[in-house]
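There are 2 protein chains.
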Amino acid sequence: MPNISRKGQLMPQSPIRKLVPYAEKAKKEGVNVYHLNIGQPDIKTPEVALNAVKNNSLVTLAYSRSDGSDTYRTKLAGYYKKHDIHVRADDILVTTGGSEALFFTFGSIMDPGDEVIIPEPFYANYNGFSTAQGVKVVPVASNIESNFALPPIADFEALITPKTKAILICNPGNPTGYLYSKSEIKQLAILVKKHDLFLISDEVYREFTYDGHVHYSIMHEKNLELNAIIIDSVSKRYSMCGARIGCIVTKNKTVLETALKFAQARLSPPTYALLASEAALETPDSYFNEVISEYVERRNVLVEELEKIDGVKVANPKGAFYCIVELPINDSDVFAQWLLEKFRFKNETIMVAPAAGFYSTEGLGKNQVRIAYVLNKKDLRTSVAILKAALSQYKD
Amino acid sequence: MPNISRKGQLMPQSPIRKLVPYAEKAKKEGVNVYHLNIGQPDIKTPEVALNAVKNNSLVTLAYSRSDGSDTYRTKLAGYYKKHDIHVRADDILVTTGGSEALFFTFGSIMDPGDEVIIPEPFYANYNGFSTAQGVKVVPVASNIESNFALPPIADFEALITPKTKAILICNPGNPTGYLYSKSEIKQLAILVKKHDLFLISDEVYREFTYDGHVHYSIMHEKNLELNAIIIDSVSKRYSMCGARIGCIVTKNKTVLETALKFAQARLSPPTYALLASEAALETPDSYFNEVISEYVERRNVLVEELEKIDGVKVANPKGAFYCIVELPINDSDVFAQWLLEKFRFKNETIMVAPAAGFYSTEGLGKNQVRIAYVLNKKDLRTSVAILKAALSQYKD
Numbered sequence: 535m536p537n538i539s540r541k542g543q544l545m546p547q548s549p550i551r552k553l554v555p556y557a558e559k560a561k562k563e564g565v566n567v568y569h570l571n572i573g574q575p576d577i578k579t580p581e582v583a584l585n586a587v588k589n590n591s592l593v594t595l596a597y598s599r600s601d602g603s604d605t606y607r608t609k610l611a612g613y614y615k616k617h618d619i620h621v622r623a624d625d626i627l628v629t630t631g632g633s634e635a636l637f638f639t640f641g642s643i644m645d646p647g648d649e650v651i652i653p654e655p656f657y658a659n660y661n662g663f664s665t666a667q668g669v670k671v672v673p674v675a676s677n678i679e680s681n682f683a684l685p686p687i688a689d690f691e692a693l694i695t696p697k698t699k700a701i702l703i704c705n706p707g708n709p710t711g712y713l714y715s716k717s718e719i720k721q722l723a724i725l726v727k728k729h730d731l732f733l734i735s736d737e738v739y740r741e742f743t744y745d746g747h748v749h750y751s752i753m754h755e756k757n758l759e760l761n762a763i764i765i766d767s768v769s770k771r772y773s774m775c776g777a778r779i780g781c782i783v784t785k786n787k788t789v790l791e792t793a794l795k796f797a798q799a800r801l802s803p804p805t806y807a808l809l810a811s812e813a814a815l816e817t818p819d820s821y822f823n824e825v826i827s828e829y830v831e832r833r834n835v836l837v838e839e840l841e842k843i844d845g846v847k848v849a850n851p852k853g854a855f856y857c858i859v860e861l862p863i864n865d866s867d868v869f870a871q872w873l874l875e876k877f878r879f880k881n882e883t884i885m886v887a888p889a890a891g892f893y894s895t896e897g898l899g900k901n902q903v904r905i906a907y908v909l910n911k912k913d914l915r916t917s918v919a920i921l922k923a924a925l926s927q928y929k930d
Numbered sequence: 535m536p537n538i539s540r541k542g543q544l545m546p547q548s549p550i551r552k553l554v555p556y557a558e559k560a561k562k563e564g565v566n567v568y569h570l571n572i573g574q575p576d577i578k579t580p581e582v583a584l585n586a587v588k589n590n591s592l593v594t595l596a597y598s599r600s601d602g603s604d605t606y607r608t609k610l611a612g613y614y615k616k617h618d619i620h621v622r623a624d625d626i627l628v629t630t631g632g633s634e635a636l637f638f639t640f641g642s643i644m645d646p647g648d649e650v651i652i653p654e655p656f657y658a659n660y661n662g663f664s665t666a667q668g669v670k671v672v673p674v675a676s677n678i679e680s681n682f683a684l685p686p687i688a689d690f691e692a693l694i695t696p697k698t699k700a701i702l703i704c705n706p707g708n709p710t711g712y713l714y715s716k717s718e719i720k721q722l723a724i725l726v727k728k729h730d731l732f733l734i735s736d737e738v739y740r741e742f743t744y745d746g747h748v749h750y751s752i753m754h755e756k757n758l759e760l761n762a763i764i765i766d767s768v769s770k771r772y773s774m775c776g777a778r779i780g781c782i783v784t785k786n787k788t789v790l791e792t793a794l795k796f797a798q799a800r801l802s803p804p805t806y807a808l809l810a811s812e813a814a815l816e817t818p819d820s821y822f823n824e825v826i827s828e829y830v831e832r833r834n835v836l837v838e839e840l841e842k843i844d845g846v847k848v849a850n851p852k853g854a855f856y857c858i859v860e861l862p863i864n865d866s867d868v869f870a871q872w873l874l875e876k877f878r879f880k881n882e883t884i885m886v887a888p889a890a891g892f893y894s895t896e897g898l899g900k901n902q903v904r905i906a907y908v909l910n911k912k913d914l915r916t917s918v919a920i921l922k923a924a925l926s927q928y929k930d
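For the protein sequence lines, the chains are A and B, in the order given. Going by the numbering used here, the letters in the first sequence line up with residues 535 to 930, in that order. Going by the numbering used here, the letters in the second sequence line up with residues 535 to 930, in that order.
If we strip away everything but chain A, and leave its shape as in the complex, we get:
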C-alpha cells in the first residue's frame, strides 16, 4: 500500500485520546465520570446569539466572505476598542475558530524548519499545528513554583537562533491559568523588537481574569504594530465552542494579506456561526459578570479543596479556567487511566488530562494533571473528594 506522510506519522495525538476508550467503558458499566479533562464549559451561550440563528431567514446557505463581512469586522473593531485595543476592520481576518487563526498565522510567517519559542506547559494543539506545518517548537520552561510566570527573558534569548521566527504565548494561559503582567508583556515586546521576531498572543480567554487583575494585551504596546499578532475566538468568550469562529488581528498588512491567501483557498468561515458570532457582540455585560463570578467561585472551591490534600500542589489561576495540579504520583498517564479503569468511589470517578502532553520537553509534567473547572461547584467538590480518595489508595 502507498505510504502515509512522515509528517502524518509525527502528528501528535490529543493528550486524552488514549484515555477515551477507558472513559467510555466505565460509562457503559454505569459509572458516573466527572470530566475535568476538557475545555468545554457547561455555561449557556448568550440568548442573543442563539436567537440570531433560530430566527435566521436564509433561503440559500451561501458562502460568506473569505475574510469575514465588513459589518462583522467593523463591529469586532468596536469590541476591541472597549478593551482599549485600537484596530480597524481591515486589521482583522475572520477565521474558522482560533485553531485556523493560529494555523494561518504559522503558515504565513514560518516555513518548514523554522522555530517558534513557547513557554511550556502550553496548549497541546500548538504541537499539532507546528507538526502539520513542519515548524519546530522550542520550549522554554515555566514552573509551578512561580505559578507558571513568564520565564526569565535570558532563558528566551538563549534559545533564539537564525531559524527563530516567533514567540507564542497564551494569555491568560491554557493549561496554566497564568495571566501575564504588563511588565512581562513589555519585556517580551522589547525582546521581539530587538531580534525582529513576531509576537503571537493567543488571547481567547481575555475576559476570564480574576481577583481584580486586568488583561494586558500585546496590542496595548506601542511600536509593536509589525510584530504583534493576536489569535482570538468566540469559543470561550460566549461559550460557543461549536461555532468555530475566530480571527487574526494584526496591524502588519503583509501578514494579514498573506493569511488572506490561505483563507481564500478554504473559501469561507461557516455562515450560520457568523450570524451567531455577530449577534453575540450584543451580549450584555451582566452575562460576563455572572460567568466570571461563577468561575471565580469554582476556582476558589477547587483550589481550596485541592490544597487540603497532602502532597498536592496547585498553581492558583488568575485567568482562564484551568489549573495545573502536582500530585504525589510518578506518572499521571498511568494514574489517569487507573482512575477510569480501576478506581470507583460510590460508583463514580474522574477524568483528568495528564500534563505531559502540555510539555514539549520529554519527562516534564509527569506528576501533574490539568484540571478544567468547567463543572458546577457541587460537582467540583465531589470530584476533589474522589481525587483525594483515589490518591489515598493509589500506588505507582
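Treat the hints as calculated values from the structure; they're not laboratory data.
Listed below are the simulated BS3-like cross-link pairs for lysine-lysine, each with C-alpha atoms no more than 25 Å apart in a straight line:
#: 1; chain 1: B; residue 1: Lys-697; chain 2: A; residue 2: Lys-670
#: 2; chain 1: B; residue 1: Lys-787; chain 2: A; residue 2: Lys-559
#: 3; chain 1: A; residue 1: Lys-552; chain 2: B; residue 2: Lys-787
#: 4; chain 1: B; residue 1: Lys-922; chain 2: B; residue 2: Lys-847
#: 5; chain 1: B; residue 1: Lys-552; chain 2: A; residue 2: Lys-785
#: 6; chain 1: A; residue 1: Lys-561; chain 2: A; residue 2: Lys-880
#: 7; chain 1: A; residue 1: Lys-578; chain 2: B; residue 2: Lys-588
#: 8; chain 1: B; residue 1: Lys-728; chain 2: B; residue 2: Lys-670
#: 9; chain 1: B; residue 1: Lys-876; chain 2: B; residue 2: Lys-552
#: 10; chain 1: B; residue 1: Lys-716; chain 2: B; residue 2: Lys-728
#: 11; chain 1: A; residue 1: Lys-787; chain 2: B; residue 2: Lys-559
#: 12; chain 1: A; residue 1: Lys-588; chain 2: B; residue 2: Lys-578
#: 13; chain 1: A; residue 1: Lys-912; chain 2: A; residue 2: Lys-880
#: 14; chain 1: B; residue 1: Lys-616; chain 2: B; residue 2: Lys-785
Simulated restraints, written as ranges between beta carbons of each label pair:
#: 15; chain 1: B; residue 1: Asn-910; chain 2: A; residue 2: Lys-912; range: 51 to 61 Å
#: 16; chain 1: A; residue 1: Glu-831; chain 2: B; residue 2: Asn-589; range: 26 to 36 Å
#: 17; chain 1: A; residue 1: Met-535; chain 2: B; residue 2: Ser-926; range: 53 to 63 Å
Note that CB positions come from ideal geometry on N, CA and C, so glycine has one too.
Here the structure of chain A is known, so what remains is to put chain B in place on it, guided by the hints.
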C-alpha cells in the same frame, strides 16, 4: 520588520481576486454585473436542512466530535449505499468543507517536495492547498478538443517519479464539466495499483450528471481499498456552500487515522452546520430532480447561445455546472478586466473567470474563460448576448 514565510509568498491568489475591485467599481457606478465567475448557486437549500437549524434547541453551542458523530456518519454511509458505494461509518471522517478534506488528505499522505499529478485545467484551489503543504502539482494536459477527457495513461505514466504520491481528479470536473467514464476510472485504478499511488477523487458534484450519464466513483472499483480516497462536501449537493461541511471517505485505515490527528488539532467541524447537513440527508428525490432539470436547461441555453458566436468554442459539460469556453482573444485576464472596467451593454456587463488560473502550465488557458451556469436561463441568455457584443468590439 520580521519576514513572512516563503510559502506565504508563493501562495496563489484566487484567479478572480484581482478582478473584484473592478466589479465593485462597476457596481458603484450603477452597472449591473452578471456573475458567471463563481460556483455559488442561486438554488435554494432544502427546507428540511434550513428548518433543522431554525428549530434547534441548543442551549450551549458545544464542540462536536472531531470526526463527526456516529449518527451522522452512519447516515452518510446510508447515503453512499444509495450510490452503490459501500462504506461504514468508520470509513468516514467529517471535515469543515471539502477544502479541509483535501487539506487533511494532502497532509496525511504527502510531505514537502512530494508530487501529485492532476489533469489540467483543475480547480484553482488545488494549487493553494499544494503550496500550503509544500507539495508540487504536476499537471497533465487535457484539452478542449476532446471535451477535457482523461489524458492518455501514457501521459500520466511519463510524469511518475519516486516523489509521486497521488493522482487527483475532480469528477465531474470543476472547471471542465467533464464526467469521467467507467473505462477512464478503470484505467486510473490499474495505474495507481501498478505504481502504488493514492487515487484521490473530488466527487462533490456527484449528483450533477446530465443526459443520462451515470457517475462512476473510484470506490466502485474493487481492490482499490488502500488507494482510493474520496473528497466530498454538502456545499453543491444541497446548495449549502456556507455550511462548510465535507468528508473524507476511504477504506484505508492508516490514512483515516492520520487525518483524524489533523482533525483533532482543529477540534471540530461547525455544530450548526452539522445539524443542517444531517437533516439534509432527508432531502426528497424530487428536490434533486428539479435541480438537475434546471441545470440541464441552463447548460443547454448556455451552450446553444455560445455556439452561435463566431470564433467561440465550448466544451459541452456532462456534469457539474461549469464549462470552459475558448474565445477569439489573446489574454482572458485582460479581457475579463476590460469587461468590468470599460464595456457596457445597456448599462450591464458580465464577470467571467479567466482560465489561466485553472492551469498550472504557464501560458495555457489564456484564450479561455470558465463560465459557471449558476444564473437563471433569462440571465444566462442576456449574459451571452453581452459576451457576443463585447467580442464584436474587443481588440487585444
